[in-house]
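Put together the whole structure using the sequences plus the hints.
Below are the chains, spelled out letter by letter.
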Amino acid sequence: MTLIAEVESLRAEIPPVKAPQLKKRKLDRVTRLILIAIVLIIAALVLWPLYSILREGFSAQGLEVLGSLSSPTTLRIIGNTLLLGAVVGAGGTLVGFIMAYAQARVQFRGKRLLHLIALLPIVSPPFAVATAFITLFSRNGIISSGVFGLTPNVYGLPGLSFVLMFSFFPVAYMNMLGMLRNLDPSLDEASASLGATRFKTFWRVTVPMLLPGFAASFLLLFVEAIADLANPLVLGGNFTVLSTRAYMAINGEFNVPGASAYAIMLLVPALLVFLVQRYWVSRTNVTTVTGKPAGRVSLITSPLARIPILTFVGLVITTIVLIYGTVAVGGFVSYLGVDNTFTLANYQYILGGIGSDAILTTTLLAVVATPIAAVIGMTVSWLVVRKLTKGSGAMDFLAMLGLAVPGTVLGIGYAVAYNKAWIVGDYMLFPALAGGAAILGGTVGIVMVFVTRSLPTSVRSGVAAIQQISPAIDEAATSLGANSVTTFRTITLPLIRAALLTGLTYAFARSMTTLSPIIFITTPQTKIMTSQILGSVESGKFGIAFAYCSVLIILVMSVIGLISFLTSDKFYRIASAWRWRETIQQPKGR
Amino acid sequence: MKIRTIVGAAAGMALVFPLAGCVVEAADPSGVEASAGITVACGNIEELCESVLTEFTESTGIPANYVRMSGGEALARLESTKGAASAEFDVWWGGPVESFVAATEADLLASYLSPERDNIQESLRDADGYWTGYVLNPNGICYSVSAFDELGLDAPTSWDTFLDPALSKNVATSHPATSGTGFGFITTILALNDNDEDAMFDWMLDMHPNVLQYTQSGSAPVQMLVRGEVAAVPAFASVCEREHVVNGNDDIAFAYPEEGVGFEVGGTAVVAGASNPAGAEAFTDWALGQEAFDAYVNTGYNVFPAFVGEGANNGLGQTVDDIPWLASFDPTASEYDRGELAERFDTDVAPTPVD
Chain Z
1 MTLIAEVESL
11 RAEIPPVKAP
21 QLKKRKLDRV
31 TRLILIAIVL
41 IIAALVLWPL
51 YSILREGFSA
61 QGLEVLGSLS
71 SPTTLRIIGN
81 TLLLGAVVGA
91 GGTLVGFIMA
101 YAQARVQFRG
111 KRLLHLIALL
121 PIVSPPFAVA
131 TAFITLFSRN
141 GIISSGVFGL
151 TPNVYGLPGL
161 SFVLMFSFFP
171 VAYMNMLGML
181 RNLDPSLDEA
191 SASLGATRFK
201 TFWRVTVPML
211 LPGFAASFLL
221 LFVEAIADLA
231 NPLVLGGNFT
241 VLSTRAYMAI
251 NGEFNVPGAS
261 AYAIMLLVPA
271 LLVFLVQRYW
281 VSRTNVTTVT
291 GKPAGRVSLI
301 TSPLARIPIL
311 TFVGLVITTI
321 VLIYGTVAVG
331 GFVSYLGVDN
341 TFTLANYQYI
351 LGGIGSDAIL
361 TTTLLAVVAT
371 PIAAVIGMTV
381 SWLVVRKLTK
391 GSGAMDFLAM
401 LGLAVPGTVL
411 GIGYAVAYNK
421 AWIVGDYMLF
431 PALAGGAAIL
441 GGTVGIVMVF
451 VTRSLPTSVR
461 SGVAAIQQIS
471 PAIDEAATSL
481 GANSVTTFRT
491 ITLPLIRAAL
501 LTGLTYAFAR
511 SMTTLSPIIF
521 ITTPQTKIMT
531 SQILGSVESG
541 KFGIAFAYCS
551 VLIILVMSVI
561 GLISFLTSDK
571 FYRIASAWRW
581 RETIQQPKGR
Chain D
1 MKIRTIVGAA
11 AGMALVFPLA
21 GCVVEAADPS
31 GVEASAGITV
41 ACGNIEELCE
51 SVLTEFTEST
61 GIPANYVRMS
71 GGEALARLES
81 TKGAASAEFD
91 VWWGGPVESF
101 VAATEADLLA
111 SYLSPERDNI
121 QESLRDADGY
131 WTGYVLNPNG
141 ICYSVSAFDE
151 LGLDAPTSWD
161 TFLDPALSKN
171 VATSHPATSG
181 TGFGFITTIL
191 ALNDNDEDAM
201 FDWMLDMHPN
211 VLQYTQSGSA
221 PVQMLVRGEV
231 AAVPAFASVC
241 EREHVVNGND
251 DIAFAYPEEG
261 VGFEVGGTAV
271 VAGASNPAGA
281 EAFTDWALGQ
291 EAFDAYVNTG
301 YNVFPAFVGE
311 GANNGLGQTV
321 DDIPWLASFD
331 PTASEYDRGE
341 LAERFDTDVA
351 PTPVD
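These protein sequences, in sequence, are chains Z and D. 94 is the number that the numbering used here gives to position 94 of the first sequence; each next residue is one higher, with no gaps. 200 is the number that the numbering used here gives to position 200 of the second sequence; each next residue is one higher, with no gaps.
In case anyone wonders, no lab produced these hints; they're calculated from the structure. Being a predicted model, the structure only gives us computed values, none of them experimental. Just so you know, not all the hints are guaranteed correct.
Partial chain Z-side listing against chain D, Cβ under 10 Å, derived [claimed, not checked]:
no.: 1; residue: Phe148
no.: 2; residue: Val234
no.: 3; residue: Ser356
no.: 4; residue: Thr408
C-beta: ideal position from N, C-alpha, C; glycine also.
Here's what the structure looks like:
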């Protein structure tokens, strides 16, 4: 007790150590060019479509909906939305953190396997997890009723937040894991040598260092949860949220301006959480990557910590295996839980004809979108953290917008903004980019939507990672004569490889699983897997839906494996060895 | 560095210039041959889009492409290209006629008086030819025979079955705000109550304790029934009958309540500004006939044809005369304010706590 009090009083005396701030000098020319390019790209990807649709929200019909803001129904829907976001944000971040902590700091066998399984939910094709969850845990579920004889009602907040937490925690896990691995173990050693227990070190050293990560994960999960449509559609029951309400406005009331108005309401909480996070993180900024030599992490072996942590990890892993096992098995039977006869018909259906066409097109477009999203994401985070003084918050928020808007509304925004060519007089200033009459069969629009939807994750993980790096490293490079771009390419980029990997991985998974905006810009030439899955679910062909999902999961996991190899230390070493050799052969460089 | 910049800029311009700055040729759709192919906004289920349109191409030689979407989505999408040189789609096929009425009001459709429309019942087509109904699909009660046995209930004969306390938490229905099925259900009850909205909402509140979930999607309640989560759901006949006709599930049965049933009308329309109007008209003629209807039924959707004909049946041996149609039911729901009804449902019925 006294020791704690003593430490407390000491803490109070010592002024908090602020991370050294890099002086954001006037931007050099290359940086300015990059800035202009990024602003133009974000304007095209997010701002213009959003403006096109949100304008409708302030039309007479939209204002009617906005005017109902204080009605009890609307307030209830807004309350539901905030509650869902908070529960999923907090819960998902916690689960992700515990999993990452176990992976980085606790001694046990099978870490590689844990990592792979923990990443599975990143690939949650719309409807798959929710449907598998219903098959297992609903009132006639295989486990709830079959094993335990229970008839729970899974429709509503509890079931919905469980599925969302479960679908989104891998983002938190990957963020946290990257940060934990970047933590300097000498801090732990210092804390231990000052007499702190392991728990105290954890609570007073590790957790505070990870605050930006917690905040980033919470924000991301909050926004993901409130903008998600497929899961509330399937599992929401009578628990209406803004995204489903906007969907209702379009599908039931044929009221696009009304839907835009609900989207505007949805932007407010997203903006608030974002501002809070920025304010909070800027006060507790800590850098951990300092370029100084670090020791080795000593893993936790004490059973007191291991047993509860590993039990929790075991539960999470079991649930993941169960749910994805259900998806895998579901592809090989007619209707899992109803008609369990083995069949290959589902795979015959999807691998021939429309199915394989959709698989090919979707993968191709996602492969194109992924590096674009990751590169833009890392560049935006670099500009936001390192380069911009004024407007850094605005740019950060703009990049987040693509996720904060319900997909349905974004989709219509794209249709309005890009389905028509820009024609002035007789001249076409710009061709149509999306829809059936567009160039390249409308693929440009789809790639743009993929990038828009996956950009936020990329930016968040990039921002969190760059904030961890001490600006002194950048300064060292600058004082050696490197310009901003060289510094970014040779110093920052290698240091944020983990975040880049997260960005790439998530961008690909997200592109492959985006549904609601796609409906408005898909064309006969571009069959997209998710809309085929939706079609199968609607006609009750769950076997086919599960088979599609299995193929989609396998595809995404293989590409993730490939990406992680391409960004691994091993590959990096080989690649840089090659580059080095080239430099030696041509001493004058370029 | 400099060379790279120049190359980059050149590459960028090379990409943009062939596209930008072209002189737009005035579109003249009248010269387009029907055989150039049509693009369809398909409001039906994927399988139907695929099988019926394949049949169309085989029968007429006109290639047909489609994108599947719901009525509301199609409407939003047609709206987004309004005023463009040419529309994205030539034909809008499927989807309840209610959304076609909304599209007509928004000037998104072109009038076409098909020679085939004379065979269509007058109440199922637009007087000015903006849309024409081609099938009708009655609603009723879809239930699980085994669950009804277990609960000690007789086969349902009345809509009031949904009010039976024995079915507590054993009913699912789709939300009228998101789904045509759900809206068709409440307007059916409304028609049964002589369009007295209060009476209809009282009826819904009576049913409320029995409802496990108001689903957002129209197809979800039947799936919940199939999975054994509930015992009975309101549904359209073809969606329910399909479970045993196509999926071989004999536990699922369909009953027509004797008070009378409402129905959904599938419509077809030529899109305003279609790039191939000749093809769109050829499709309309074909879609209203026997051949299209047979393709529909052969895919396992046992609906009734909108045309009047000897022995016209739903493929299950039932003719139009066997069904207790509600005479006062209006499938275009033109006299109701859908937004208001849905809003009231969402406020007064759905969130009511049940103990």
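Item to complete: State the violated hints by number, sorted upward, taking the hints as numbered earlier in the document.
Response: 1, 3
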